[in-house]
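Enquirer: Turn these sequences into a full structure, and let the hints guide you.
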Amino acid sequence: MSGDPIYTEMIIEYSRNPSNYGKIDEPHIHRHDSNPLCGDSIDLYLNVDDKKITDVKFDGKGCAICMACSSVLTEMIKGKDLDDVKKFEKDELLSELGLEHLIKTSPVRIKCALLSLKALKYGIYSYFAEKMNDVESAGNLKDEAANLY
Amino acid sequence: MQATSETFESLRNDFPVLERKVRDGKKLVYLDNAATTQKPIQVIDAISDYYKNNNSNIHRAVHALAEESTEAFEQTRDKVAEFLNTKDSQEIIFVKGTTEAINLVANAWGRDNVKEGDIIVTTEYEHHSNIVPWQLLTQDKKAQLKYIDIDDNGELMIDQLDEYLSTGKVKLVAFSHVSNVLGTITPAKEIISKCKNAGVKTLIDGAQAVPHMKVDLTELDCDFYAFSAHKMLGPTGVGVLWAKKEILEKMIPYQGGGDMIREVHKYETTWNDLPYKFEAGTPNIADVIGFKTAIEYLQKIGMENIRNHELELTKYALEQMEKVPGITLYGTKEPKKRGGVVSFNFNDVHPHDVGTIIDKDGVAIRSGHHCAQVLMEKLNVAATNRASFYIYTTKEEIDTLIIALQNVAKVFKL
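Chains as they are written, first to last, in this note's numbering: chain R, 351 to 499; chain B, 33 to 446.
No wet-lab data here; the hints were simulated from the structure. Note that the coordinates shown come from a computational prediction; the quantities given were computed from them, not determined experimentally. One or more hints might be untrue.
Said to hold, decoys possible - Stretch-level coverage of chain B by chain R, calculated; a stretch enters the list once three of its residues show a Cβ under 8 Å from a Cβ in chain R:
id, stretch
1, 42 to 48
2, 379 to 387
Claimed, not checked - Chain B is nowhere near these chain R residues, computed Cβ spacing over 12 Å in every case:
id, residue
3, R366
4, L447
5, A479
We treat Cβ as the ideally placed atom computed from N, Cα and C, and that holds for glycine.
Expert: Following this line, the structure appears as structure tokens:
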């Protein structure tokens, strides 16, 4: 194998033992999303208390990249304030796993890597719009989610 | 033509892309032929010659180029009719692919022949192109869509068809001739004969059959048959709908526009003759012309030789892959009952990961749901890997696939 590595130790490990894998009953935020191309399919669940993400879980079926990125994303946003999370950029997630190169090298696999982030942005978009009446943040999040990849 | 494995091996020289190196100098091993096949130089030349020498719109102008182009275009129609053993080339309608052919039937035939409470039957192993058009039609008409399930061998449970037919409400049974995921060859004649006894129409998605085996439409005697050129050495953007003339004559047009009319007045129009009634607008002239060369190429090899070559490869692939620890193979174990398609999963590694890792070794397979999510649900998997063969595939390439799988095991520490 050559080129930039995808299947690093960390990615394999996360795909075997994903973090925060499971379901939250009656979550404050729930978003399902899938990639029509490959069939990756995940559900993201969040609980929020006074704008702070108190709990986050995900479940579903996906490839190693999708599982690893979803795991790391949930680790990164747990306990964070929604105002910080709404600014979360894709590079932050990708660089955590050394996958920035996918943006250039694999337009197909980047969709696997960013599926959970897309679900997150859409999920909190609805929350900002419906629960917090923050139309501006909601609008931005919706645009970002739609144009993520 | 005497077809030995050397004969097939020598055909590779006709395919420029097979010379290619991919991913840092790896020899291309192209095993994604069920998605689309590569094109021989003869087909590529036919298309480029047409643009260099004849390019013109067809069926209208009287100048030399137009007449030549029209003749070449219509020769392909005759060639398709001959290839499928149908008596009348007016029954051959050019569309952009199998998907459009099925949508044409769902719209133009479905509109007048399906009503509330009627039943359309399809199967669990259909491509989305033979499911979604029927969902749209049955939802629109308040009709019902029913499925013939598959058994553990990946074969249709034909008894279910008898139940559906006994209701007297079935209007059409639509099924693929060969499954694009499992490779299962459908017992088409048995289904057609049951349907004929019940006075029910049949539509066959032949996208995975016509490229790989002799298809004789006179012998089959179904009502509609659809397939695509690009899966049989031809260009993309060309497909065929064949249907019985008496049915086509009663059908309303699918699309309105140029070429499909006889006379247009302010508030009414009369239709052109078959097949032009269903070919609105300027067709894909160059690619239809290139398609004739593709059919001639296949005829020269002989469809029975092609079938035997693929049977040999499939037998070999199933034997070799069964020996690989951690492989799950889908579909019937009897090579004779399947086309040159092998779907598999490797341990619990997601097919997308398998596809990416073996791509580094130049091996091109398809990973995903293969536009058959109903089947994926049935198999209870998110996706599968699929290796599919064609005339230029060699046993060595299947070996390369198996060696590449060892890298997957290494990466995932299996």
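Enquirer: All the hints need checking, so say for each whether the structure fits it.
Expert: Cross-check of the supplied hints:
1. 42 to 48: Answer violated; 0 residues pass the 8 Å Cβ test.
2. 379 to 387: holds (count 5)
3. R366: Label violated. Min Cβ-Cβ 8 Å, cutoff 12 Å.
4. L447: 14 Å, holds
5. A479: 31 Å, holds
Of the hints listed earlier, those the structure fails to meet are numbers 1, 3, in rising order.
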